Amino acid sequence: MSLKKLTIHFQEMGDLFQDINQAIDSHSAFVDSPDVINFDSIDTYRSFMTSNKANILSAISKLKPGSVYELATYLNRQPQHVLADCRSLESHGFIKLIQEVGGRKPIRPELAFDYDVIMIEDKGSMPLAVSERSERVLADAISEVRAV
Amino acid sequence: MNPVKKTSITIGKDGFKYKIDISIEDHDDKDKYPEGVKAVFKLIRLDINDENETELMVLIDNHKPFGFHSHDKLPEDHDFREPLHLDDWKDAWKIFQEKCQEILK
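Quick note, the sequences are listed as chains F and H, same order. Just so you know, we're using my numbering here: the first sequence kicks off at 1 and counts up by one. Just so you know, we're using my numbering here: the second sequence kicks off at 1001 and counts up by one.
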């Protein structure tokens, strides 16, 4: 079974607007795929995706926490800091924060969709393994390369 | 028309990250959208404080009874609407591009 990918695509604002204008002029559809997130540059993406945020994505995928509090416990971090990172991941499109009903109404984090790996459309960037399965696949790939 | 739905994250001249959110699509409800097109253009500032909250900086849309209008007092006043007196969503799209250039570049 192949890995489900979330792709990070880069395009500057001017080029994006130009492409939209072309689509409008040529009456073509121009719609984001749900498995793509657009940034203007690799620098913007790198300044966003800190190791803390990458760890959050990995923990959500592997441990399926029922709340941000539970996620913070797994990560051994302060809940308010984890919640802030989760809010940022949500506004950028990487996760969803679901307000549960009943009881103390916990906020449950989940991936925007069930992706295994983040592929970055930049030659110098490694894929970011999110799920356990993708870690295994990437580790196997690296050992194969080293063996050659 | 064929739909246009694009979102992109970009860095502004103030160092904040912004989300550009563009949606243009046909709409059957001619009463709400007399042109038959629903157009929503948003510019959202991201991670504005320690809690990483967001704030809407530009919102241009065209629902009835206002027609095309811009929410010009964002983020403080979401209910303030400045009519744009436009008949064509393409003109609203041009205004949105200009506002993005103004804020981001």
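Keep in mind that the hints were calculated from the coordinates and are not lab data. Be a bit skeptical, because a hint or two may be false.
What the hints assert, rightly or not - Cut-off 30 Å, straight-line C-alpha distance, at most; resulting in silico cross-link-like pairs (DSS-like, lysine-lysine):
| id | chain 1 | residue 1 | chain 2 | residue 2 |
| --- | --- | --- | --- | --- |
| 1 | F | K123 | H | K1099 |
| 2 | F | K96 | H | K1013 |
| 3 | F | K64 | H | K1013 |
Unchecked claim - What the simulated footprint calls covered on chain H by chain F, stretch by stretch (three residues with Cβ under 8 Å from a Cβ of chain F suffice, anywhere in the stretch; the number is not a length):
| id | stretch |
| --- | --- |
| 4 | 1009 to 1018 |
| 5 | 1097 to 1105 |
Just so you know, these numbers come straight off a predicted model, no measurement behind them. Just so it is clear, CB atoms sit at the ideal spot from N, CA and C, and this is done for glycine as well.
How the hints compare with the structure:
1. In summary, the hint linking K123 of chain F to K1099 of chain H is not supported, as the alpha carbons are separated by about 33 Å, beyond the 30 Å threshold.
2. Taking the CA atoms of K96 of chain F and K1013 of chain H, the gap is about 28 Å. The hint holds against a cut of 30 Å.
3. For the hint linking K64 of chain F to K1013 of chain H, the alpha-carbon distance of about 38 Å lies beyond 30 Å, and the restraint is violated.
4. Chain F is given as covering the stretch 1009 to 1018 of chain H, and this holds because 4 residues of the stretch bring a CB closer than 8 Å to a CB of that chain, at least three being needed.
5. Here the stretch 1097 to 1105 of chain H counts 4 residues with a CB under 8 Å from a CB of chain F, which clears the bar of 3, and the coverage holds.
Figure legend: structure checked against the earlier numbered hints; hints not met, in rising order: 1 and 3.
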